[in-house]
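Participant: Heads up: the protein sequence lines correspond to chains A and B, in order.
Here the first sequence is numbered in the numbering used here, starting from 160 and rising by one per residue.
Here the second sequence is numbered in the numbering used here, starting from 14 and rising by one per residue.
In short, the hints are calculated from the structure, not lab data.
Quick caveat: nothing in here was measured; it's all calculated off a predicted structure.
For glycine and all other residues, C-beta sits at the position ideal for the given N, C-alpha and C.
Hints are not guaranteed to be accurate.
[Said to hold, decoys possible] Derived pair list, reagent style BS3-like, types lysine-lysine, alpha-carbon separation capped at 27 Å: (1) Lys-227(A) / Lys-239(A); (2) Lys-211(B) / Lys-127(B); (3) Lys-251(B) / Lys-256(A); (4) Lys-256(A) / Lys-293(A); (5) Lys-207(A) / Lys-223(A); (6) Lys-207(A) / Lys-127(B); (7) Lys-251(B) / Lys-218(B); (8) Lys-256(A) / Lys-127(B); (9) Lys-292(B) / Lys-356(B).
[Said to hold, decoys possible] Selected chain B positions facing chain A (in silico; Cβ < 8 Å): (10) Asn-39; (11) Glu-41; (12) Asn-43; (13) Asp-66; (14) Asp-67; (15) Gln-79; (16) Arg-87; (17) Thr-91; (18) Asp-120; (19) Gly-125; (20) Tyr-143; (21) Ala-172; (22) Arg-173; (23) Glu-339; (24) Thr-342; (25) Ile-380.
[Unchecked claim] DEER-style ranges, computed between Cβ atoms: (26) Pro-366(B) / Ala-197(A): 23 to 29 Å; (27) Val-332(B) / Ala-267(A): 31 to 37 Å; (28) Ala-267(A) / Leu-94(B): 32 to 38 Å; (29) Asn-318(B) / Thr-242(A): 31 to 37 Å; (30) Gln-201(A) / Asn-39(B): 24 to 30 Å; (31) Ser-240(A) / Ala-106(B): 49 to 55 Å; (32) Leu-227(B) / Gln-271(A): 38 to 44 Å.
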Amino acid sequence: MNNTFRTLIAFTALFSSSVMAELAVIVDPSVKLDTITAEQLQRLYLHKAERYPNGVELRPIDQKSGSKRQREFADKVLGKSPTELSKYWSRRMFSGKGHPPRQYGGDAEVIQEVTATPGTIGYVDIEAVDDSVKVLLQVP
Amino acid sequence: MNKRLYMAAAAVLLLSRAGSLFAIDNIEFNGFLTVGATRSDSSIDSQNGNITDDIGFDQDSRVGIQVSADINSRMSITAQLLGTNREDDNFDASFDWGYVSYAVSEDFDVRGGKIKFPTFLVSDYIEVGYAYPWIRPPSEVYTSNPITAISGVDVLFRARLGVTDLLVQPYFGTANDQDALVPQEVLPALGLAPGTVKYENFDAKNMAGINIALSGDIGALRAGYLQTEVSASGFGVKDDDVSFWSVGANLDWNNIIAYSEYFQRDIDGQANAFFPNQKGWYATLGYRIDRFLPHITVAQLLDDNSNNDPGVALEQDSVTLGLRYELGTGAALKFEAQRVEPKSGTRGLLMEPTNDINIYSIAVDVIF
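Chain A on its own, in the form it takes in the complex:
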């Protein structure tokens, strides 16, 4: 009984953390920016006018489309469903008005790219953050 209960708690915790993962928006520590707002992030990722926060040129990168992180980021920060996002980019891209951010497969690859090419901004699960990067925003 006790064991079952414990398993249940563990399972619930696991389940809820996998559903409600918190995202961290990260850059290389050398980037001259300490914070970014969700709105600035949205303009940057959607390639809109005046998209560089405080004039700092940043190159946004994405996680693989259809991945759990990407869906979460699109929903919480960009405010778009996967279908809406793909229509948005089909209009922009095929009319020559910008490309969707390049996609990387998973947190480790994003961290690697962010630190290898300063000026790159990405997002990962907050659990994956280490000392090699600077967190600009936490997205609950």
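Let chain A serve as the given structure and place chain B on it in line with the hints.
Facilitator: The following block gives chain B in isolation, referenced to the frame of chain A:
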């Protein structure tokens, strides 16, 4: 046999895993494809001969590949290859447009080359069926300007205005060797039988225009103006003035989708004898229910005879009922039933005058 199956499965898996077709360093390939079938209930064909009472695939089917590469942090090149069956029975592929873009600043791009310019709301991605609700944008408006790309330059200037984004896009250039569908009424003078589908070359020079768009989270407003001088040796047309203006809006708010546009076209001189002054509009209303988007479009093409122009009038009304269904992300299935009524005794956009015809269409749009 088994081995081939595995290889096919591996290839599909590989393709489905890649976000775009390839991503080799700085070069990117992206594509779009539409396969569409049409059929009408009348022996009278559409004026381009592509919609008939037999099932046909020529009107809407096409494939496009876009190639883009960053030369450096400010410069990039982009080109689009398009293949269609539209103008004759042979599949024809060519570069629809291609240009070099230079980012002067974050909000200021200059582009040079062959540029697809926006006469209307969806003009600059008109070949990408996935990007809009209809199988084909309302022809009463969208066929009024046969020129879709210029050789020249344009400037994209963007600014943030409150909760909206402003785009100001002036352009200048020429468009040589454009194809204009010869009106049925002109065929006898060229010694051709009625019902012939014939395209004639024409050139447009000193084309200057501007596109202004204001877009926000719930939609966009746009206005555009262009003027040019057209010449067509086949018609004895030399440097006749053409001007064009258009306004439009679209809405995407709480599952309500709406589009509406209006245009006016003025043509002077000898060219006006073949191509009349026209005005036209359409309005589309749709309501998104999960993966379904049922929509209705009313459209009208009218002769604009305010200057007593000699051009042969072409008038028609149409009502289109459509349904778009999302096949996952990046693909859509569409159905449409359209009733076209040529007006004022004219043939409208058909081969010859008639009371009305119904056109049924089905299409699948994919981006990859």
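Participant: All hints, please: hold or fail.
Facilitator: Now the hints, each set against the structure:
no., hint, verdict
1, Lys-227(A) / Lys-239(A), "14 Å, holds"
2, Lys-211(B) / Lys-127(B), "25 Å, holds"
3, Lys-251(B) / Lys-256(A), "35 Å, violated"
4, Lys-256(A) / Lys-293(A), "30 Å, violated"
5, Lys-207(A) / Lys-223(A), "21 Å, holds"
6, Lys-207(A) / Lys-127(B), "24 Å, holds"
7, Lys-251(B) / Lys-218(B), "11 Å, holds"
8, Lys-256(A) / Lys-127(B), "15 Å, holds"
9, Lys-292(B) / Lys-356(B), "14 Å, holds"
10, Asn-39, "10 Å, violated"
11, Glu-41, "7 Å, holds"
12, Asn-43, "6 Å, holds"
13, Asp-66, "33 Å, violated"
14, Asp-67, "31 Å, violated"
15, Gln-79, "6 Å, holds"
16, Arg-87, "11 Å, violated"
17, Thr-91, "5 Å, holds"
18, Asp-120, "5 Å, holds"
19, Gly-125, "12 Å, violated"
20, Tyr-143, "5 Å, holds"
21, Ala-172, "6 Å, holds"
22, Arg-173, "5 Å, holds"
23, Glu-339, "5 Å, holds"
24, Thr-342, "5 Å, holds"
25, Ile-380, "5 Å, holds"
26, Pro-366(B) / Ala-197(A): 23 to 29 Å, "58 Å, violated"
27, Val-332(B) / Ala-267(A): 31 to 37 Å, "55 Å, violated"
28, Ala-267(A) / Leu-94(B): 32 to 38 Å, "36 Å, holds"
29, Asn-318(B) / Thr-242(A): 31 to 37 Å, "45 Å, violated"
30, Gln-201(A) / Asn-39(B): 24 to 30 Å, "26 Å, holds"
31, Ser-240(A) / Ala-106(B): 49 to 55 Å, "34 Å, violated"
32, Leu-227(B) / Gln-271(A): 38 to 44 Å, "40 Å, holds"
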